[in-house]
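Asks: Required output: the full structure, derived from the provided sequences and hints.
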Amino acid sequence: MTLRMEERAGSVYTRKQPAIQVLAEEVGLPRDKCVDDNGVLFCNVSERELAIMAVKLHEYPGCKLTSCLAYDNRFVDGFFHVAYVFDCFSHSKYIVLDIRIPSPAPVSRSLAPKLNCNACLWCEWEIRDLYGIEFREHPGRGRLVLPDTWPENVYPLRKDAPSIKIRAPPSSTPRRGGGKAIVPIGPYHPALHEPEYFELVVEGERVVEARYRGFFVYRGIEKLAEERFTYDQVPFLAERICGICGFTHSCCYCQAVEKALSVSVPERALYIRTLLLELERVHSHLLWMAIMFHTIGYEPGFMHLMFLREKVMDAAEKLTGNRKTYGMNLPGGVRRDVDPRRALTLLGELEKQVKKALKLARSYLEVSEARSRIEEVGVLSRYDAKKHSALGPVARASGLGVDVRRDHPYAAYGLGVDVDVKVRDEGDVLARFLVRIDETEESMRIMREVLERMPGGEIITRDYEYKPMRMGLSATEAPRGEDIHFVITGLSSRLFRWKVRAPSYNNISILPIMLEGYTLADAPVIIASIDPCFSCTDRVIVVDRASGKKRRLREVIGE
Amino acid sequence: MSRLRVLLEAFRGRVTLKEYPFKTLSAPEGFRGLPRVDADECIGCGACTLICPSHALRLVEEDGVLVLKHFVNRCIFCAMCADVCPQQAIVVTKDYELAALEQSELEASIAHVMAECRECSRRFASEKTLEKVKEILGDQPYLYLCPDCRRKFFIAALTMGRR
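Residue numbers (this note's numbering), protein chains in the order written: chain S, 123 to 681; chain W, 5 to 167.
No lab work stands behind these hints: they were computed from the structure.
Everything numeric in this text was worked out from a predicted model, so none of it was measured.
Even for Gly, the Cβ is constructed at its ideal location relative to N, Cα and C.
It is possible that some hints are incorrect.
Said to hold, decoys possible - Covered by chain W, per the in silico footprint, the following chain S stretches (three or more residues, Cβ under 8 Å):
no., segment
1, 420-430
2, 443-450
3, 524-536
Replies: Structure representation (C-alpha cells):
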C-alpha cells in the first residue's frame with residue numbers, strides 16, 4: 123500500500139524521488155533524525171533546527187504547518203514534548219517535528235510570529251493553557267482554551283494534574299474599544315445552538331476588527347479518554363466530538379491506532395469506511411447549504427434542502443442502524459457489514475434526491491437577492507489561505523487545492539478510488555458554496571464506485587497485539603477539512619496521549635481576516651461560510667451544530 | 005426565470021408530517037434500539053460491564069447479591085454489550101420510545117446468587133458464572149475460592165516443595 127501511495131504522488135506531481143530525499147535537498151530536513159512511518163515522518167530535532175526548518179517548510183510551496191501538539195513525557199524521559207505537524211501535501215507526507223522541553227519551568231520559542239500563521243498561534247496558545255509551556259514572543263494574552271476562572275498554575279493535561287474542586291474567583295478582563303463601537307454577540311447566541319462569544323469592532327457599518335473568545339465548552343475530552351477509557355472504547359467517544367461529522371472522527375482515531383500498532387485492516391472494512399465517510403459528507407454539505415440559505419434569510423432554500431437531506435439520513439439509518447453513522451468503527455475494521463447490492467438500490471434512490479437538491483440549490487443561487495448576499499463577500503486570498511493554513515472547502519474555494527483524500531490517501535482512497543478535487547479561485551462565500559455543491563456530486567460518484575468495487579472478505583481483524591508507547595498520526599478529510607488525530611498508546615490498554623484537531627480549529631482562527639473590511643450585515647454570512655463547528659473546535663460532546671449569525675473572532679496577531 | 009422555478013417548487017405540495025405518535029413508526033431493519041438482557045440467560049460474568057463505553061451497565065454487590073444494573077439513560081446504543089456477551093443474553097431490540105417520567109423506570113436490574121468462598125466464606129462471584137467456567141474447564145481445584153484465597157493457595161502450592 124505504501125508503494126501505491128508513492129506511485130500516486132508521482133503521477134500527480136511528477137516527482138520520482140522519494141519524498142524524504144527531495145525534502146532533505148530542498149528544505150534541509152535532517153534525514154538521519156527522521157523515521158518514516160506509513161506516510162508520517164517523525165523527526166526529533168533541536169529547538170534551533172526547528173526554528174530554521176519550520177520557516178522553510180511553511181514557505182515551501184507544497185507544504186504548510188497544520189497543527190501543533192504537546193505531550194507530557196516527563197515520566198518516561200523527563201521532558202515535555204512539543205510536536206509541530208506539517209502537511210506536505212505535494213509529497214503525500216506529514217512531517218512531525220518533535221522538540222524536547224526541559225521539565226521545570228518549561229519554555230520554548232514561539233513560531234507563530236515567525237510563520238505569521240493563525241493556526242500556529244492558536245495551537246501554541248492552547249499548549250500554554252493546558253501544559254503550562256511558556257512560548258517566548260507569543261503574541262496572545264490571556265487564555266484561549268481554559269476559562270478565566272481557572273486557577274493559576276494548574277495545567278489539566280499534565281500527567282500529575284491534581285483534581286480540581288476549588289474555584290478561583292473570576293477575573294475581570296478590561297475591554298478595549300478605543301473610540302470604536304464594539305458589537306458583542308454571545309456568549310450564547312439565541313439563534314445558534316452552540317456557545318461562542320464574538321466581539322466585532324465596527325466603524326459605522328464596517329468591521330475593522332474581530333475578536334473571538336470560544337472554548338466555553340472545553341471539557342477535556344482528551345483527558346477523559348486518557349483516564350477512563352480503554353483504547354477500543356475511545357471510538358465511541360471520538361464520534362461524539364461532533365454531531366455532524368462523527369464518523370470521520372472515529373475513523374481518524376481508529377486509523378491512528380491502527381498505524382501505531384501496525385494493524386492491517388481488511389480491504390472490505392476500508393471500503394465500508396469510505397462509503398460512510400462520503401455519505402456523511404453529503405449530508406453535512408446539504409445541511410450547510412440549507413443553513414447558509416437560512417443565514418442570508420432565504421427560507422425556501424432552507425426548507426427544501428432540509429427536506430431532501432432527510433433522505434440521506436434515512437439512508438444512513440438503513441446502512442448503520444442509526445440516523446447518525448455512529449457505532450461503526452473499531453480499531454481493526456468496522457462492526458457492521460454492508461450488502462453492496464442492497465446498498466446500490468438504496469443509492470439509486472438517493473442519487474435522484476441529491477441531484478434534485480443540488481439542482482434546487484443552483485437555481486436558488488441564481489435568484490439575485492440570494493446571490494448578492496454572498497458574491498464577493500468574505501474573500502480569502504490563496505496567499506492567506508496557505509499562510510494561515512486554511513483547510514477543506516475554505517482552502518479549496520481560495521484556490522488552494524488541498525484534500526487529504528488525494529494528498530494522503532487513506533481508507534479506500536489509497537486503493538484506487540480516485541477523488542477529483544474541486545477547486546475554485548474566487549475565494550468568496552459564493553465560491554465556498556459552489557465548491558460544496560461540486561463536492562457533493564463527487565461524493566455521490568465515489569459512493570457508487572465504492573459499492574461497485576467493494577471486495578469480499580472479513581470486515582474486522584482482531585489479529586494484532588496492543589503495545590504501549592507507540593505513536594500514530596492520522597488524518598481524514600472531514601466535510602469541513604482535514605481532521606487530525608494523534609495517539610500515543612499507554613499502559614493497561616489506555617491511551618497515553620490523544621490529541622484531536624478538528625478542521626474548524628484552523629478555519630475559525632482565520633475568520634478575522636475574512637471579516638475585516640466587510641459590513642456588519644455580512645458578518646453572519648462570512649462566519650457561517652466556513653461551516654464552523656465550535657464544539658468540534660472545543661472538543662466536546664454535542665448534539666447539533668448550528669451556523670453562524672453574528673459572530674466574531676478573537677484576538678489576532680499584532681493586536 | 006429562476007424565481008419562477010422556486011415558486012413552482014414551493015407550490016408542489018409535499019406532506020412531510022407524519023401522524024406520529026398516533027400511528028406508530030417502525031424502525032428500519034438493523035436499527036439499534038434498547039438492549040434487553042435476558043435474566044434467565046445472563047450468568048452475571050460482567051463482560052458487558054467491562055466493554056460498555058458509557059458505563060451504562062454495571063455489576064454491583066448489594067447485600068450479598070450480585071446485581072447487573074442497566075441504566076438506560078446512560079446507554080449510547082452501540083450494542084457492544086450484545087457483541088461480547090458469552091451467553092448471547094443481550095438482544096438489541098428496535099425499541100426507541102424510551103421517555104419516562106421517573107428515573108427508576110430507566111433502570112433495569114438482574115440479581116444473581118453469589119458463590120461463597122470455601123475457605124473464608126467471602127462472597128465473590130455469581131454461582132452461574134462458576135457453573136459456566138466449570139462447564140468449559142471441568143472441575144478445577146481453585147474454582148470455588150475467592151481471588152485472595154486462590155492467590156494464597158497457589159503461592160503456597162508453589163512454595164511447598166521448596167520448604
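Asks: Now, for every hint given, state plainly whether the structure supports it.
Replies: Here is what the structure says about each hint:
Counting residues of the segment 420-430 of chain S whose beta-carbon sits less than 8 Å from any beta-carbon of chain W gives 3, enough to reach three: the coverage restraint holds. Against chain W, the segment 443-450 of chain S contributes 4 residues with a C-beta closer than 8 Å to a partner C-beta. That satisfies the three-residue criterion, and the hint holds. Residues of the segment 524-536 of chain S lying with their CB closer than 8 Å to a CB of chain W number 0, which falls below the three-residue condition for coverage.
The structure shown violates just one earlier hint, number 3.
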